[in-house]
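Keeping their order, the protein sequence lines are chains H, P and U. In this text, residue positions in the first sequence follow the numbering used here: the first is 1, and each later residue adds one. In this text, residue positions in the second sequence follow the numbering used here: the first is 1, and each later residue adds one. In this text, residue positions in the third sequence follow the numbering used here: the first is 1, and each later residue adds one.
Source of the hints: derived by calculation from the structure; they are not laboratory data. Incorrect hints may have been included.
[As the list claims (entries may be wrong)] Dumping the calculated DMTMM-like pairs for lysine to aspartate or glutamate here, alpha-carbon to alpha-carbon at most 20 angstroms:
1. U:Lys94 x P:Asp210
2. U:Lys94 x P:Glu328
3. U:Lys94 x P:Glu211
4. P:Lys225 x P:Glu212
5. P:Lys225 x U:Glu76
6. U:Lys94 x P:Asp209
[To be verified] Calculated Cβ distances over 10 angstroms to all of chain P for the following chain H residues:
7. Ala183
8. Val193
9. Leu194
[What the hints assert, rightly or not] Quick look at which bits of chain U chain P covers, simulated, 3 or more residues with Cβ under 8 angstroms:
10. 79-85
11. 92-102
12. 117-128
13. 138-146
For each residue, glycine too, the CB sits at the ideal point set by N, CA and C.
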Amino acid sequence: MEQVLANISVLAAMPIFNLGLLIDGLLVGSIFALAAYGLALVWGVMNVKNLAQGDFIMIGGYIAWSLGRHGIDPLLGIPVAIVVLWGIGWALYRTVISKVITRDLFTSLLATFGIAIVIQQGLNLAFGPDTQSANADLPTLSFAGELITIAAARVVGFVFAILIAVAVILFMKKSRMGQAIRATAQDARAARVLGIDTEKVYSFTFCLNAAICGAAGVLVAVVWNVQPFLGTTYSIRLFVIVTAAGFGNLPGVIAAGFGMGVFEQFGGFVLGAQFQQALIVLLLLAVLAVRQLQQLRVRQAVQ
Amino acid sequence: MNRTPLHPLTIGVLLLAGIAAPLLFPAYTNQAAVLWLMIVFASTWDILGGQMGYNSLGNIFFFGAGMYTSAVVQIGLFYDVGMYTSGARTTHIVFTTAQYFSGFALGTIAGGIGAAALALVTSWIVFGLRGPYFAIGTLGVAVAGAELIASWEWLGAAAGISMPVFPGAPETQKLFFYFLLFGLAFVVLIFLRWLYSTNFGLAINAIRDDEEKAEAMGLYTRRYKRVAWSISAFFLGIAGAIFGNMTGFIEPRDIAFPTTTFNIFMILMVLLGGKGTFWGPVVGAIVFDVIKEVTWTYFLGWQFVTLGLLIVIIVVYFQQGIVGWLMEKYPARFGIRVAPKQSDQYARGLGLAPHPEVAE
Amino acid sequence: MTDAIIEVSNVSKSFGGVIANRDVSLTVQRGAITGLIGPNGSGKTTLFNSIVGYHPIDSGSIRFEGQEISQLRVQEIARLGLLRTFQTTRIYGKMSCMQNMLISIPHRKAGFFDMFSYERGEVVERAEHLLVFVGLYEKRYLRAGSLSFGQQKLLEFAMALMNEPTVLLPDEPTAGINPTLINGLIDRLKRANLEFGITMLIIEHNMRVIMNMASKVYCLAHGEMLAAGGPAEIQRDQNVIDAYLGVH
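Using the sequences and the accompanying hints, generate a full structural model.
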């Protein structure tokens, strides 16, 4: 407790520190926002709540790390991860997801949970339980006389996250498939009536999401680290973001992603790193509680 | 859903199986004890999941809560808990036989009641949520429980607590815990059979079938949800207290709140056996546990991958479970009566449609 | 003079930019059958849902037996004796008809520990009596979900009666019913009103049905109250005719 108070007083005493945490939070939050966008996409289009989202990210991360170990710049892992995860997404869609879309929502949740476990344990067997990081050999920049340190890796991560997000959003807005996806998200039956092959749309959306996660995973490995079981934390984190913003509200999801990044930076500083998981879970419960209160006012429950 | 009381023959068979097992297969006493624990897990999960339609991913919270509550009572009655759990403790602590058993008895009861009380508290958090939000919210509660205890020094934090040692021979200890878990499972089954035959059973089924309709008919849905949650919690709390003593050592992430093992097993067993049926959870628990015990050693290293695959396969391809499948094939045997399809009669007359499988 | 059991006063409700109900008022007299008609999209269902508590209203007031209910939740309103049936006919599909009836007892009258008993004697008799009333007695042990659509509608009606409501709000009770069965349904609705003294506010599309049953009819169009009066008046009202024929 004393440590917490001490940390808070540091923040109060040195405003420049807050700026540092804020910047860090935004940089890191960009990756959250990207992955959360993918989750919201799958949720909105297919009503599938992908509990394996964080684990897709971890796969992407391990791809980057593997490349790094072979002397290749991990950032080149982005296109590789995109392709690999697209394939994985396609395979999973054909074998599992397509069969659970029409069933009740718990089924899809459990199915993706099962997939998450398989991925986690698979990564554990393949790469071992240690935490790994893909070193992109980037410097640490410092400002304001050593008081603000920003790893260049994070800036790079931020830039790439923004680039990828913009690419995806443009795709959604301009391309035919993007339009088809949005139409299906609004009303699947109407889309079918209009001749849109919703099966293709679902498959594409799921693959796109997996690819987004792969790219985000590469960034995670460069900016942070990866570990086989870290995926769950990401999944919960992203779920909090999408629930807080509302899955139909895509700009809100992105904003919430940044917000989450900032929140975690401050929270991690004040409370200490070992509370990271607890903090995220408590935030989840808080968001759900707030949702409930909101719904109560419209005389409904959180469906 | 059969709501008649258990046939005396069934009760007799259960009792016989329970009592005879350790005598016939003494080498497997511990495994058998765990099997009865699994039956408790499955049956209590099914109250909410199968009978009421609220799929909880966090029932393990009450298991752990009961475990820790019991530990606090068992230790706290005779010693200072903070001192006992502190890593810096140098005094060797011994519990007399009287202390052990009185502490254990009180601890178990406290575990059950404490868990039920926590259920009432958490019901405020989770029952405004439906479907997947409920599942994730309950998962959040379970993970939060693990994390909170893991950072609570007074309760031993992540290092855990060594439980009081059983004052007796290992053979006696095995039988002691076996019969406790068997007894618990037996009580749970008899109790649930009775519970499902009352208005309570009808009410939670109504909530499952159509909660909005139930609300529109004036049903006190909140009340039923809370009571169902508390009943599950009560039995899980007792189970936790017993199991904590059986393993002799408790710790938050892998023993008290194992969110990726027991927590998921509960759901799998019920899905495998048949959600929303009385014997489904029992059958599922037995089949699952036996298969797990037999294959665990052969799938060394790949256990959890297989587990994940099993989840996916059961969820996707075998949703109604063993008993559910039986009920669909032979509904008459289960007391289900279905109206014959009217529309088929014309087609049947022309020889175009098969006869219905079921009749009044 | 009979009193107004439901008073809807100047209720407005919009969803986003769409105004579903604008300044709507109506009263339902105790013991009478009142009809609510209007072309598709006129806001009938929205008004209905507002009354039964399915969503909040933007402005106005809704009183039931003198008590303001616009802030209450669905269950609370149902427990006051104001019950609705659903257009899509909702019953508990996996339970038998008898069980559907038994779980439909008026819960406001039950104590906390009643949930641990099971119904027998009087309650079962009443359920059987009501099942006879709707003609489902022989099918009482069948799984409700396997009944035909028309039979399910009758079951839903019986369940509503089982709940001893003061007011029943049937939402398009004859929708999707085979024309030969409609007379039977009308007959039962009337008998429920006369014999059990249940007040009714019915949404209906079928003119024949509503003109046959209601003593007063309200007509909504484009979210506003267009006309109100006895069935004969309404049938002759030019505004009503125009609204239905789409002349606007």
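Q) Any of the earlier hints contradicted here, and which numbers? A) none
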